[in-house]
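Residue numbers (the numbering used here), protein chains in the order written: chain E, -1 to 881; chain G, -1 to 881.
Mixed in with the good hints there might be a few duds.
Since the list can't tell identical chains apart, any single copy or any two copies may satisfy a pair.
[Unchecked claim] Pairs of lysine to any residue, SDA-like flavour, derived with a Cα cap of 20 Å:
id, residue 1, residue 2
1, 228, 486
2, 189, 415
3, 509, 664
4, 228, 720
5, 311, 32
6, 53, 770
7, 228, 825
8, 228, 757
9, 699, 314
10, 228, 97
11, 392, 520
12, 826, 225
13, 699, 841
Source of the hints: derived by calculation from the structure; they are not laboratory data.
There are 2 protein chains.
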Amino acid sequence: MTSETTYVYDFADGSLDMKPLLGGKGANLSEMTRIGIPVPDGFTVTTAACVAAMKSGGEWPVDLWPQVEAHLDALEARTGRTLGASDKPLLVSVRSGSVFSMPGMMDTILNLGISDESAGALAKETGNERFAWDSYRRFVQMYAEVVEGAPPHIFEDELTAMKAARGVDYDTDLSADDLKELVATFRRVAKEATGTDLPTDPREQLKRSIGAVFASWDNPRANIYRNLNKIPHDLGTAVNVQQMVFGNRGDTSASGVAFTRNPATGVKELYGEYLVNAQGEDVVAGIRTGHQLPDMEKDLPKAFAEFTATMDKLEAHYGDMQDIEFTVEDNTLYILQTRAGKRTAAAALKVARDMVEAGTITKEDALRRIEPAQLDQLLHPGIDPSHGETPITKGLNASPGAAVGRVVFDADTAAECGEKGEKVVLVRWETTPDDIHGVVAAQGVLTSHGGMTSHAAVVARGMGKPCVAGCGDLRIDTAAKTATIGDRVLTETDVITLDGSTGEIYDGALKLTEAQITDDFREVLGWADEIRRLGVRANADTGPDAAKARELGAEGIGLTRTEHMFMAPDRLPVVQEMILAQDEAGRGVALDKLLPMQQADFEELFEAMTGLPVTIRLIDPPLHEFLPNLVEQSLVVQRLEDAGTTGAELDDARELLGHVRRLSEANPMLGTRGCRLLMLYPEIAVMQVRAIARAAAAVTKRGFEPHVEIMIPLVAYWQELDTLRQVAEKTWAEEAPEGIDRTIGTMIELPRAAVTADQIAQYADFFSFGTNDLTQTGVGISRDDAEGSFLQSYIDMGVVPTNPFASIDPDGVAELVRIGVEKGRGAKPGLKTGVCGEHGGDPDSITIFNKIGLDYVSCSPYRIPIARLAAARAVLGDTVKDA
Amino acid sequence: MTSETTYVYDFADGSLDMKPLLGGKGANLSEMTRIGIPVPDGFTVTTAACVAAMKSGGEWPVDLWPQVEAHLDALEARTGRTLGASDKPLLVSVRSGSVFSMPGMMDTILNLGISDESAGALAKETGNERFAWDSYRRFVQMYAEVVEGAPPHIFEDELTAMKAARGVDYDTDLSADDLKELVATFRRVAKEATGTDLPTDPREQLKRSIGAVFASWDNPRANIYRNLNKIPHDLGTAVNVQQMVFGNRGDTSASGVAFTRNPATGVKELYGEYLVNAQGEDVVAGIRTGHQLPDMEKDLPKAFAEFTATMDKLEAHYGDMQDIEFTVEDNTLYILQTRAGKRTAAAALKVARDMVEAGTITKEDALRRIEPAQLDQLLHPGIDPSHGETPITKGLNASPGAAVGRVVFDADTAAECGEKGEKVVLVRWETTPDDIHGVVAAQGVLTSHGGMTSHAAVVARGMGKPCVAGCGDLRIDTAAKTATIGDRVLTETDVITLDGSTGEIYDGALKLTEAQITDDFREVLGWADEIRRLGVRANADTGPDAAKARELGAEGIGLTRTEHMFMAPDRLPVVQEMILAQDEAGRGVALDKLLPMQQADFEELFEAMTGLPVTIRLIDPPLHEFLPNLVEQSLVVQRLEDAGTTGAELDDARELLGHVRRLSEANPMLGTRGCRLLMLYPEIAVMQVRAIARAAAAVTKRGFEPHVEIMIPLVAYWQELDTLRQVAEKTWAEEAPEGIDRTIGTMIELPRAAVTADQIAQYADFFSFGTNDLTQTGVGISRDDAEGSFLQSYIDMGVVPTNPFASIDPDGVAELVRIGVEKGRGAKPGLKTGVCGEHGGDPDSITIFNKIGLDYVSCSPYRIPIARLAAARAVLGDTVKDA
């Protein structure tokens, strides 16, 4: 009948655009075949066949097996080999291949066609009897497990028993005869376990193997994987049946891997390794040392010439640097796999620029091929990769970049040495606001406690300074000035190297590489700027940070945390004076002292960002963050009491404890902070707005052009914004001359603010989504507790795909952002919206923000290039999938 | 022209349904006039006139003043009096009256028409020259302030100066001549302040007064009030011009107030007070002692007969007990105002039942007239209202009802005395889980700290036990066993009375009244059950609580907090053993001990609720809630260290501190609790489900019919529910026989759960909205910190209309509930949804839940009747507005 469905396609009859029917692997094999790349011959059973079989409970469409046999017959004819034959046997692999990549989720059978008869022929062809029988015993094990459902341990048990009997430690110590014996043993135990003999007819084995691959589509781990990755369950998998080729058939055979360009530098040159008379695994696993690719010209000249031409063809066809696995069998070249090659950031930029200049690909395609997160490598110094040292310990990679310095244990020493130009690494249990001057002066920071969002981590990232946090192996004795890791005791005479990009710590000084903001970098980022729709701003609190951000491409400041300015050691006492004041008058005195300090800060920012918008958030954290910790102060008081101390010292300590207690909160995250503080103490808002207005007036006089955006944090109710907007407007009007650009907006960082954004928009010139806090309240996770808590277990268990503080939760928190934007713009068309949480620098989050339609993202200065590239890629859509 | 708009209506030409045009007051005066009630004559200027004037910047429609003058002419003709005349003067009031009640927000002018000429006539007619001049000087002041914008203090200053000059203390000590002099003085200072003479023509005064009332629609406080109450700003106000009548024109005149039924008992009898030759204020203000209403039959027989007939007519017309103000002027009865009379809960039920039985109103109307919250009075003992004592202090009314008992300062003493049958009141700084046995044994609880949602308050409400919390005046010395309030020192020999409904504390034993679950109560609640759509369930953790809830009408249990069972003193050590276990095996040992305890609890619940659903929530709080506090344990360790203690005692204390530290969280509300705990320690879930299943099996054998609903708390991700549902299903299948009704659902109490409810619904048989936590995360307010925090200031400032933990936030948190229901039902049509936060017992919240379409609410047992009534009223729609 001519109307029968085609369930099987030869590789020669398919192409890349048949992926829905042939799956990813099948379509790629067909595509290579189609363009004339020498691929081992074979055919693909379609996803439609799998779906049909699944629908009828495993029963195959009546046409299916005849079609497979016909294609197998043809394959045997084309290769001149026969499945299971004792002469010129054909061996095939049977591999799943679904439309969406599901690595390792479904089953594979290799070496099908091997049998008592063909094993001997394989031994002869390869001249390696041991290899032939090892391939055979592996096939029996794989087939019995995958197809017949035998439990894996029965084979492992026998293998172990055999090694014990022979008195050897490794599989490779077993002889050909041993392996031959194992084949029989494996067959026997498989029969015992499954109740039936394994079939010996290779065609029957093939039929059952295809059925097993179909069934593996529905195994539990594949189902879980599809749930997690939102892959539909009804797609089915294709099955690829492909001739096995062998690079170990003697000196005219070889296996190898190669890149079409140097993956470290991006330079177009021969780069790769090969081994004569070897299997691919030998090269990949490094069992034998490979030869450099250029040498292959001497060893196998014909295959070499064909291979270099094939590399060019593949690179041109896929439009990207390729990572290629190949085998030469009897002087015949076979390409086993090609895919986009992994490369360093510097190489990625060079390759992109070269290929665009050569006209091979467009700028858009070039941008699609560069992972934004990778750019981080270029923005910080790194450890020269040739060091060969073993790290002495590892913590969390809290802030990227590498640093070398002498160990110091307190901020004052760090500051002192730093001023003298000495390079030091600040080692602390955890840093506090009191340590800021030490962090500034140090090359990097190492803490034993605290996570990715600890004080040290946040501050270091803001400064672009390397930080390794939460290094649990580290035992610090501040009094003794020692840090112990196992047996190694570090003192202030020791030098260490830390790598904030990996979290690794090394003893001694390693060689560092410089940050690499090259011409390639600037050129490629320029293309991104042409394409992206989202604006990119910086989170910056100081003039130097703002200047750095502008240099890296920031188009304004999206978040200035004014309270960071409160934490400088010369200011903290004044802030405490404000907090401890008994009344408004007392607070007023302290605020008057803070005002000129804040004004000076703002002047720096406005100057650095002249002509660009600067968003200044009024004070956000709860006041107790500026006071000692409750537990510590309680201990101080008790110690004084127990020591019988009386008088002013005890009174003062008790009074301070009283304040700490009064301000302490069970859940400070949900407490009296942000606009709530300003509603209770509007004089703080007045002071801050006054400082902003005076700064704007002062820099305007000096010829700069400030664009001021005053931001009210933690609004839950429109009434808060209404009230504080009035306070800000009144104060501004009193201080700033006419004509300075000034808007007033709010952060949307509470779920209530998102769902009532229509009300809040009435009083806001802009919204900035504070997705850190929105994640905390939206998901109900405290960021201060997140490290090492249930969240880490969830990530390990796969309950959440990624840390929602690193990459925005797409279904939950992003939905709140979407609702906020929709309601806000609904009430006030054209309302300016941005995001200033740490997500603003995360590529996946940026893709989502672009889709939601935000106007800009704001991130720490050193994330700016990443955000620029990610914003461009968000416009361009999905990256090209691996071939 | 006949086409001119009618801007003015005589009372005789309007009716209640013209409220949008005439405003509430105007429509009511018209309505009374229409049905023949003697109301002082007058007319209403429409809201449309006000809107027209507002739109043209205050300029009146050209027809308006001629229409007012025409109606005034007619009024003068009907009354035989003339505005401002020296003989038979007509005096009028000019009052605002908008469509929605805005009490005190807009302006009123009384006695308009009084002048140098008419004041004399008024003196003659009332025989009270002092009254006439006092009325005049009040008019001048009111007019100058309201209409001409004079500042109030200038009149107060002159009044004070006059009293000083005369050497008297009170206004009432000033003579008629003094007041006459004041009229002139007031005119003079008003001119100085406003720059113009006050007009002397009463018609000009009237015109300006109407304009001033129009303008008062737009004054700031009216705007704020409308914002808060969501009243549109463009409605405008009507203006009522009404003849003034005087009850002080001699012995044929009188003023009084009366109820159509006894407001304390609901009995139909004459109830009220009157005074001959007196103004209404004299009666209301209690300046003179009134006579009982029945006596009026002798004093003013004709007016009395007319009044009693009028009372019947008003009650019948409005279908409710009325509170009526009346004046008799020269034997002519005038009704000044009628409105629904305030009454006790007992009276409300009796009135409702009597009127329904008499066929005066329908059951629906009767239910509309009973405030659900009022029922609380009947469900608890109260203080006999005749006591006449002054409270010694006042705290928060944390749990309703009254209690008398001897003061005790610790739970053990309370338990001991309670067992002996002695009545005690437990007085604590704040209660903890360790105090539960004391709370059980005590008559009531008094705490100096903690708020409406403190441990003491929550536990007491659950038990229906009176509690006054956060009584800041109380200084407790636990060691000395004293509680000091000012000078009064309470010891364990003292008896106090506390009123948890008001927060008041009295010295000594006051007489209490019993709870009153009467036939009226049962009858009326029965009507509510016929009408309501929402189911009503109870939050109950014990058999007795469940039985009580069922008695009060609960249709199941919506929330059992299994951890409350963990807090009993005999169980806490086992729970701590579980927490401190080093591994799963150690936890297993402790869990095995807890299992039979929990099983016994569940059996009690299933028996009490046989045939009805019982929702059991698996453990919810973070584990550190069961351990000592971090600060306290830190102090314990330091004290041991300082004392030089060594050995096991110090080691144990340090180990415990280690555990406390490990489990302590910066924001426990957002921490490792609920399903997060169960994901980390699934063995806890297994133990709890096993206990539930075994309990269900055991009671089934005994002939009861359990309907089990297992509830997984704090789900943020569907993956959590998927995993734990599987754990629960597996355990259930192992333990429970086939055929027992069992469902598995989740709480929706995080914003993420609400916005991803479509995903979560796939794994849930029901949703229960935990609106307490949803408020905490949705609004970003910690309930543990809410009392006395910024939230109280917000309520005081009017930023939030009500405490969002008491009544659900309609725009924010309720919107999240709505989204959750919509998405959940969208994914799973017919999904059962309920609410089990404290909002489940709040009438306003119930109205919102009814509208959202939830299936049931669940609340503490003593709120059940309130919820039943509120659910019925939610179906019936708005309550009838006051007449």
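Results for each hint:
Taking CA atoms no more than 20 Å apart as the test, residue 228 paired with residue 486 passes in neither setting, with 47 Å inside one copy and 70 Å between copies. Proximity of residue 189 and residue 415 under a CA criterion of 20 Å is satisfied in neither setting, with 74 Å inside one chain copy and 76 Å between copies. Proximity of residue 509 and residue 664 under a CA criterion of 20 Å is satisfied in neither setting, with 47 Å inside one chain copy and 40 Å between copies. In the homo-oligomer, the alpha carbons of residue 228 and residue 720 lie at most 20 Å apart only across protomers (16 Å), although the nearest pairing inside one protomer, at 42 Å, exceeds that limit.
Within a single copy, residue 311 and residue 32 get their C-alpha atoms as close as 12 Å, which meets the 20 Å cut-off; across copies the closest is 98 Å, which misses it. In this assembly of identical chains, residue 53 and residue 770 lie within 20 Å of each other by CA distance neither inside one copy nor across copies; the values are 45 Å within and 47 Å between. Taking CA atoms no more than 20 Å apart as the test, residue 228 paired with residue 825 passes between copies only; the shortest distance there is 17 Å, against 34 Å inside one copy. Only between protomers do residue 228 and residue 757 lie at most 20 Å apart by alpha-carbon distance; the minimum there is 12 Å, versus 35 Å within a single protomer.
Neither within a single protomer nor between protomers do residue 699 and residue 314 lie at most 20 Å apart by alpha-carbon distance, with minima of 58 Å and 77 Å respectively. Taking CA atoms no more than 20 Å apart as the test, residue 228 paired with residue 97 passes inside one copy only; the shortest distance there is 13 Å, against 55 Å between copies. With identical chains, the CA atoms of residue 392 and residue 520 are never at most 20 Å apart, being 33 Å at best within one copy and 71 Å at best between copies. Taking identical chains as interchangeable, the C-alpha atoms of residue 826 and residue 225 lie at most 20 Å apart only when they sit on different chains, with a minimum of 18 Å there against 38 Å within one chain.
Proximity of residue 699 to residue 841 under the C-alpha cut-off of 20 Å is found in neither arrangement, the shortest distances being 40 Å within a copy and 60 Å between copies.
Hint check: violations occur at hints 1, 2, 3, 6, 9, 11 and 13; the rest are consistent with the structure.
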